[in-house]
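Asker: Following the hints, position chain B against chain A.
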Amino acid sequence: MRVVLAEDLFLLRQGMVQLLESYDFEIVAAVDSGPALLDALVTLRPEVAVVDVRLPPTFTDEGLQAALEARRRCPGFPVLVLSQHVEQLYAKELLADASGGIGYLLKDRVLNCDQFVDAIRRVADGGTAMDPQVISQLLAVRSRREPLSMLTPREREVLELMAEGCSNTAIAQRLVVSQGAVAKYTTSLFAKLDLAPADDSNRRVLAVLAYLNNTRVDVS
Amino acid sequence: MGELTSDAVAEPGSELRPGDPERVGPRWLRRLLGLDAITIAHLRPVLSRALRATGRGVLIVATAVLSLVLFVATALATAFILLGVGMLLLPLLTPLVRRLTGLCRELAARSGVAIATPYLPGRPSEPGVVGWVQRCRLILTDPASWRDLLFLLLNVVVGFALGLLPATLLAYAVEGLLLSSGFWMLIRESGVDFWYGFTPMDSWPRAALGALVSLTVFVVWLAAAPRLVAGHAHFAKALLGPSERALTASRMRHLSETRSDVINIQATELRRIERDLHDGAQARLVAIGMKLGAATRQLRTNPDAAEILLVDARNATASALEELRCLIRGIHPPVLAERGLADAVQAIALESPIDVDVTADVPGRLAAPAESAAYFAISELLTNIVKHANADRASIDLRHQDGALRAVVVDNGQGGVDAGAGTGIRGIERRCATFDGTFVLSSPEGGPTIATLELPCALYSPRISSC
Chain A
1 MRVVLAEDLF
11 LLRQGMVQLL
21 ESYDFEIVAA
31 VDSGPALLDA
41 LVTLRPEVAV
51 VDVRLPPTFT
61 DEGLQAALEA
71 RRRCPGFPVL
81 VLSQHVEQLY
91 AKELLADASG
101 GIGYLLKDRV
111 LNCDQFVDAI
121 RRVADGGTAM
131 DPQVISQLLA
141 VRSRREPLSM
151 LTPREREVLE
161 LMAEGCSNTA
171 IAQRLVVSQG
181 AVAKYTTSLF
191 AKLDLAPADD
201 SNRRVLAVLA
211 YLNNTRVDVS
Chain B
221 MGELTSDAVA
231 EPGSELRPGD
241 PERVGPRWLR
251 RLLGLDAITI
261 AHLRPVLSRA
271 LRATGRGVLI
281 VATAVLSLVL
291 FVATALATAF
301 ILLGVGMLLL
311 PLLTPLVRRL
321 TGLCRELAAR
331 SGVAIATPYL
341 PGRPSEPGVV
351 GWVQRCRLIL
361 TDPASWRDLL
371 FLLLNVVVGF
381 ALGLLPATLL
391 AYAVEGLLLS
401 SGFWMLIRES
411 GVDFWYGFTP
421 MDSWPRAALG
431 ALVSLTVFVV
441 WLAAAPRLVA
451 GHAHFAKALL
461 GPSERALTAS
471 RMRHLSETRS
481 DVINIQATEL
491 RRIERDLHDG
501 AQARLVAIGM
511 KLGAATRQLR
521 TNPDAAEILL
531 VDARNATASA
541 LEELRCLIRG
551 IHPPVLAERG
561 LADAVQAIAL
571 ESPIDVDVTA
581 DVPGRLAAPA
591 ESAAYFAISE
601 LLTNIVKHAN
611 ADRASIDLRH
621 QDGALRAVVV
631 DNGQGGVDAG
641 AGTGIRGIER
651 RCATFDGTFV
661 LSSPEGGPTI
671 ATLELPCALY
681 SPRISSC
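Chains A and B, in that order, are what the protein sequence lines are. Here the numbering used here is used: the first residue of the first sequence is 1, the next is one more, and so on. Here the numbering used here is used: the first residue of the second sequence is 221, the next is one more, and so on.
Only chain A is shown next, with the shape it has when bound in the complex:
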């Protein structure tokens, strides 16, 4: 799989290149600044981009802006955004186009190589990978007065994993239950939250995230 990597810290960049190469990814470019990233994305057309939020030259949110710009030019272009911290604000912006193929993870998640690589693959396939911290923040804010409080603990766990972007199979593995059980939980929680059921697991994830995000005040 062809990957473009953007990370300004040399050690982290090298480490990530090694890690991804050991999982048989092809690193077509490893860049260290915002303009170089956009350039690489446009000319090399990789299958997925792994991007750090903060990049030179301004050390603000260059990487995020480049990722959003690439997705504006080419809707649905798969981008996995990495950062030292996660912000709901950024998650909302990344999810705003509701077209999938998006990931937003803490850099810490690289420590767990298998899950990290799995997240990259998921994003490249048009899926979603949201950091558990983003999801738990969203739930913490929403759960005070929402139908969310009607969910059983198990349903809540399923909802969290689903919002992170896991498929039924992955949820079943993580919770050590059968796939049938997961399907049952998802049906009942969709009913409780009054969401239209969707067969496609990716659409389902986006529906959940939109539910968690949208009824909040609009970002203007």
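None of these hints come from the bench; they were simulated from the model. The structure presented is a predicted model; accordingly, all values stated were derived computationally and were not measured. Please note that the accuracy of each hint is not assured.
[To be verified] A few chain A residues facing chain B, derived, Cβ under 10 Å:
1. Gln-18
2. Val-53
3. Thr-58
4. Asp-61
5. Glu-62
6. Gln-88
7. Lys-92
8. Asp-108
9. Leu-111
10. Asn-112
11. Gln-115
12. Val-117
13. Arg-121
Just so you know, even glycine gets a beta-carbon here, dropped at the ideal spot from N, CA and C.
Answerer: Showing chain B alone in chain A's frame:
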């Protein structure tokens, strides 16, 4: 009276047209009275303004008389200071002087001239003779006392002249109107040769001339009375306001107070960061190192135990990272560095458990220290609202105008916040003060609570970072 004036001054053929009031009345008169048009509706406020100014003028005359008395008394007391009598009298007289100058400041404020009080702050004095001497010294060393004395002297003349003139003009105009309306006949019958202005009042045509003169005097009074009284206000400001030196002194006091605040706040912050790093990340790194050491020893002999240790070590790095993240948020939140104040406030609003509306008009980036101060102040306010206000909605409005950032935070909670009770509010005030900013809290019982923060700061064009 107003009707008469408007009839007299209206130009021939210029009637009052509702849609076009601009052209009513001759231009010089409009200019003289500062009016768009000479109509009754327009003249009424002018008349009441002139009357009020005349009233203040009479009070100014009273201050002039008191000035004379107090000047003589204070000058004598000061002259005889070494004889002891002055020492005794001065602290008694000075409050009276300051009451009088206070009255003059108030009169000036009514004329639209604000005058700050320039006196040095009084220190709590000791009882008995020592305290009395201290108060004398404080009075004598305060330059404002001496400027007050000079004001008293000059006010005797200036206040008398400027204060009396409006009343005199009005009286003269009224006298003329009364005479020309028929009183001249009574006076002539009593056999006195009476003149008004430059006309002897002995026939109806001459009475008409007198009426014209009195009308002119009346118009002059209308225009001059507020200006004369305002003139006195400016004169008072020159002597009763803080001098350049006093302003510098008070500025220096403010600066040294806020500087020590800044130093204290900074030292406390550094201490907190040091403690957090020492107890948090540093300790965790030591633990990770120990676990890795143990894992290395057991790698050959007991690979299963080694694996557990390695997983532990990895989890410990995750916790260390989490702690560092929290610490960094407390020092300078990443979203603030990356996006600026508006988005950073938006981000805390999103994470807040209550509904928070954010409106922002900040086209660009603020100077970094002000941005950070405003962010932490707003963050603190929002935390307070969530914790104590019992509110379910809040709104935050940010805008940069006239060289200052203005943030207004409103909640629909129970109100009744006592600004003196919490250290949080005091902290925000002090942080604002270091930027010469202001923080105002309005929180009536029952709500709503409105916190307004103003920080003077520059605005830079967007997307230029100072990093």
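Asker: Hint by hint, say whether it matches the structure.
Answerer: Hints versus structure:
| no. | hint | result |
| --- | --- | --- |
| 1 | Gln-18 | violated (17 Å) |
| 2 | Val-53 | holds (7 Å) |
| 3 | Thr-58 | holds (4 Å) |
| 4 | Asp-61 | holds (4 Å) |
| 5 | Glu-62 | holds (9 Å) |
| 6 | Gln-88 | holds (4 Å) |
| 7 | Lys-92 | holds (7 Å) |
| 8 | Asp-108 | holds (5 Å) |
| 9 | Leu-111 | holds (6 Å) |
| 10 | Asn-112 | holds (8 Å) |
| 11 | Gln-115 | violated (12 Å) |
| 12 | Val-117 | violated (16 Å) |
| 13 | Arg-121 | violated (22 Å) |
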